[in-house]
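The chain contents come next:
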Amino acid sequence: MPEMNTSSLPDLIFTILFFFMMVTTMREVTLKVKFTVPQGTELEKLEKKSVVSFIYVGPPTDQLRAQMGSSTRIQLNDRYAEPREVMDFVAAERKGMKNQAEQIISIKADKNTQMGIITDIKEVLRKSWALRINYSATHRQ
Amino acid sequence: MARKKKKVPGLNQSSTADISFILLIFFLITTSMDTDMGLSRRLPQPPDKDQEDTQIDVKERNVLNVRLNAAGQLMCNHDIIDVRELRDRAKEFIKNENNSPTLPEKHEKVIDLLGRCYVTDKHVISVQTDRGTPYTIYFQVQNELVAAYNEVRDELSKEKFGRMYERLTDEQKVAIRAYYPQKISEAEPKNYGGN
Chain A
1 MPEMNTSSLP
11 DLIFTILFFF
21 MMVTTMREVT
31 LKVKFTVPQG
41 TELEKLEKKS
51 VVSFIYVGPP
61 TDQLRAQMGS
71 STRIQLNDRY
81 AEPREVMDFV
91 AAERKGMKNQ
101 AEQIISIKAD
111 KNTQMGIITD
121 IKEVLRKSWA
131 LRINYSATHR
141 Q
Chain B
142 MARKKKKVPG
152 LNQSSTADIS
162 FILLIFFLIT
172 TSMDTDMGLS
182 RRLPQPPDKD
192 QEDTQIDVKE
202 RNVLNVRLNA
212 AGQLMCNHDI
222 IDVRELRDRA
232 KEFIKNENNS
242 PTLPEKHEKV
252 IDLLGRCYVT
262 DKHVISVQTD
272 RGTPYTIYFQ
282 VQNELVAAYN
292 EVRDELSKEK
302 FGRMYERLTD
312 EQKVAIRAYY
322 PQKISEAEPK
332 NYGGN
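Heads up: the sequence lines are chains A and B, in that order.
Throughout the first sequence, residue numbering follows the working numbering, covering 1 to 141 in sequence.
Throughout the second sequence, residue numbering follows the working numbering, covering 142 to 336 in sequence.
Here chain A stands alone, though its shape is the one from the complex (with noise of 0.2 Å):
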């Protein structure tokens, strides 16, 4: 029986890895906190991803809540934050950005998250001149 030719199998794989590496984007970090973000039916695609910094905002995950409780808190990059440290942040993450002026800041907050803490980021975040803001939600069908 002949063997079938693999020669070409490689270039085949490459050609799925690089779509791969166009169509998706990095995953920055591993979140700590759980969420579902809300639904809407106005909503914009984030287009340029290089302007765009995230906060979280929910529950700890089941494997941290035995440490730190179940109640809502604010993820910045790999770790926990309290609401003034979003300055520093949000500072942080301006100076890594070309055009710093179109930065936008999306809030990825959990549906059930108390409106204090967002009320407590958003005042943050203007005293931080980041005022282009993105609530992030999904598609309502």
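Simulated from the structure, these hints should not be mistaken for lab results.
Heads up, some of the hints might be wrong.
To be verified - Lysine-lysine pairs mimicking DSSO-like chemistry, simulated, CA-CA at most 27 Å apart:
id: 1; chain 1: A; residue 1: Lys111; chain 2: B; residue 2: Lys232
id: 2; chain 1: B; residue 1: Lys236; chain 2: B; residue 2: Lys324
id: 3; chain 1: B; residue 1: Lys250; chain 2: B; residue 2: Lys236
id: 4; chain 1: A; residue 1: Lys45; chain 2: B; residue 2: Lys232
Stated by the list, open to error - Reference listing, derived: stretches of chain A covered by chain B, where coverage requires no fewer than 3 residues with Cβ under 8 Å from a Cβ of chain B:
id: 5; region: 3-13
id: 6; region: 115-124
Where a beta carbon is used, it is the ideal one built from N, C-alpha and C, also for glycine.
On the provided structure of chain A, position chain B as indicated by the hints.
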């Protein structure tokens, strides 16, 4: 003496496929495909330090008060309503088609491309939340208000230019935005009780 040219042995490429498979799997694991969607908003500029708290007088008819309490109930001016009714209330308020004295006052304004119009550009939609309001309710309210603006803008675009707002040219968009400026103000949260 002429020896035959030695043939260069080919590199063994049988493992290239495996190597690229490993790379592929690595990328599959470390990346995510989900596209980020969200509701875009713009926060107001921070207040100046030496600026005193000046109370800007806004006539009562020009304000649509949307209040949210800790139980997630929604109050629009003086009525408790459902989130689904908010869009129509907001549209009625923004448009004021019949020039009703209880809805925002209309001003004469000359806008490029649209000419002389009567617009309600003094209106303000004020959203007031409680610290205990669930985020999802607040998000729905914001979503409905943005939807109301999008709908009135679409209606006007269709009437004037025959196309949806999204498909207008930049100048036309500016004109439509001047006709229906988005004015959603967010007051400091209060404790309305409930906790």
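Violated hints - listed by number, lowest first: Hint check: nothing fails, all pass.
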